[in-house]
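Participant: Chains as they are written, first to last, in my numbering: chain A, 1 to 250; chain Z, 1001 to 1293.
Please keep in mind that the hints were generated in silico from the structure rather than gathered at the bench. Hints may be right or wrong, so weigh each one.
[What the hints assert, rightly or not] Covered stretches of chain A (chain Z as the covering partner; in silico rule of three or more C-beta atoms under 8 Å from a C-beta of chain Z):
| id | stretch |
| --- | --- |
| 1 | 29 to 37 |
| 2 | 64 to 77 |
| 3 | 98 to 112 |
| 4 | 166 to 180 |
| 5 | 229 to 241 |
[Stated by the list, open to error] Distance condition first, Cα-Cα at most 25 Å in a straight line; then the derived BS3-like pairs of lysine-lysine:
| id | chain 1 | residue 1 | chain 2 | residue 2 |
| --- | --- | --- | --- | --- |
| 6 | A | K145 | A | K59 |
| 7 | A | K59 | A | K242 |
| 8 | A | K5 | A | K145 |
| 9 | A | K59 | Z | K1251 |
| 10 | A | K52 | A | K242 |
| 11 | Z | K1251 | A | K145 |
Remember, predicted model here, so these are calculated numbers, not experimental data. Ideal placement from N, C-alpha and C gives every residue a C-beta, glycine not left out.
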Amino acid sequence: MARIKLPDLRESEVWKSMFRPGSIYRKGYKDTSRDRALATMNNVLWHLHPTKVKRHGLKLTYTFCLGGISFFLFVLLTLTGIFLMFFYRPMADIGGAVAYSDMQSIRTSVFFGDLVRNLHRWGAHLMVLSVTLHMARVFYTGAYKPPREFNWVVGVVLLFLTLGLSFTGYLLPWDQLAIWAITVGTSLAGYSPFIAKQANFLLLGGAIVSPNTLLRWYVLHVLALPFVLVLFLAVHFWRIRKDGGISGPL
Amino acid sequence: MTWEEVPKDMGVYQQTLDAQLAGGTDRRVAEGRARSKAIRAYQQGHPDEVEERPVRAPAAAAAGGDGAGASAAAPATVPAAAAAAAPAAVGAAPAGAATATVVAAAPATLPRRDAPLPTGGIPAPKKGAPEKHRLLALVPPEGIQRVERQQGDRVNVWPHLLLEEFIAMLILFAGLLVFSTFLNAPLREVANPNLTPNPSKAPWYFLGLQELLRYFHPMVAGISIPTFILVGLAAVPYVDRNPSVLPGDRKIAITLFTVLFMFGAVLTIIGSFFRGEGYNWIWPWAQGVFFEL
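Bound-form chain A, shown alone (with noise of 0.2 Å):
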């Protein structure tokens, strides 16, 4: 019976040419700190740590993750909102509210459409908190302080992000309590001085919450406040690693 030997495929060139020295999936990798040293370099996504970080760090009790949390939120947010995408149109106005029936039928028709909304839904509301608890968790380790005072007003500026793409998401299923809720939140810039007018309209394209209004918030939803959101989020993780990672421990 002959013997056939099969090529190892991780020694083929196409594998090669995949991963880079260092990466785990290499053939040859050996758990020396020069390798993993290159596995964080050497690929695109690690890349956003640094190769070593301060062992405190570490510690669960320090940063309780909820940075690394906020933005795992944000990347689930972000595949469970593309999905919903796909069986959404923002249209209230002509033939009724196309809106809300794309809600229903992503309750009830879309496979697994009921739990993405589920998940989309409540990972919006789990944001808001991990966000403002990691907002509270930088204070009382005093990490905002030089060289980091920059990244916490970047940070600042994320959290109004935050609020602002849950808030603008709330009015998009088009229901009693989207409207009502968004009529009243936005009552308020009603009252701000001598552009009241102005920032109404700004907001809602119209004096009142209309089928404008939905249009306009979709577009601030899906792409407007994303596109900015990724923007201060690059700058927020790139700072981190400039102001020399982590703040250091109490």
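Fit chain Z to the given chain A structure using the hints.
Facilitator: Frame of chain A; chain Z shown alone:
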């Protein structure tokens, strides 16, 4: 003059070396310190000899020495002439003693100034300024303590941090998945601008502000206070200039933040659970919960 030639106190040398080694110092550094101490001890014991020694330019010392012996006594004995010769010394150092380092010394104890200060690029002392100046001198590597960048206690991101993040992500995702499987997000009847629900509430994170509307003019509750919160938050690192991160040193900052944070949390909870029809006060266990996420 080499280490062998230079007059020194060998008793002090041995004593210092033993003490340094016992303290866990690296042998090379310990020997350097011991030599320096031995020479200084001898010179303190024989001040007259030190005075009589001839003036030598550090360049010569550097060229004549062999690194180890490049006159450990230089900082104490090289007079002001060294200042003029310093640039030459810098140039000569790599040739004579590769590791010799040029440092600035503050020789307040120097007896007199033999040479005028060099004029190129060095500001003349102000009139009426006290008689003091800085000199450059050659110091052999043994005579100085090397400070290297603190590496600190660091661990590789892969696998330590990445595994931790991965596990946190898994736990969170599992929890959220279970929650989403059993709890449906609300979807009420279709939007109707003519039918106002009672009560009408904003999303939960704005309920603190809605609660404030009960006590303040809408302009204050809706515009001034939110603006103040955002600007105030952004200004925190520029207002709090206390460099310490220790909770014990930050009592005011921590108290202030905690009070404001709790204030916001309590207002949000009141707006969420303790306000019912007509946005009037209710007890959630008696009249039920008027709150939807």
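Participant: Compare the structure with each hint and give your call.
Facilitator: Do the hints match the structure? See the list:
1. 29 to 37: Coverage by chain Z holds for the stretch 29 to 37 of chain A (3 residues, Cβ < 8 Å).
2. 64 to 77: As far as the stretch 64 to 77 of chain A goes, the hint holds, because 6 residues have Cβ atoms under 8 Å from chain Z.
3. 98 to 112: holds (count 4)
4. 166 to 180: That given contact holds, which follows from 11 residues of the stretch 166 to 180 of chain A lying within Cβ reach (below 8 Å) of chain Z.
5. 229 to 241: Per the Cβ count (0), the hint is violated.
6. A/K145 x A/K59: 20 Å, holds
7. A/K59 x A/K242: Measuring from Cα to Cα gives roughly 21 Å; hence the hint holds.
8. A/K5 x A/K145: 61 Å, violated
9. A/K59 x Z/K1251: 24 Å, holds
10. A/K52 x A/K242: 13 Å, holds
11. Z/K1251 x A/K145: Distance of about 15 Å is within 25 Å: holds.
Hints 5 and 8 from the list above are not met by this structure, while the remaining hints are.
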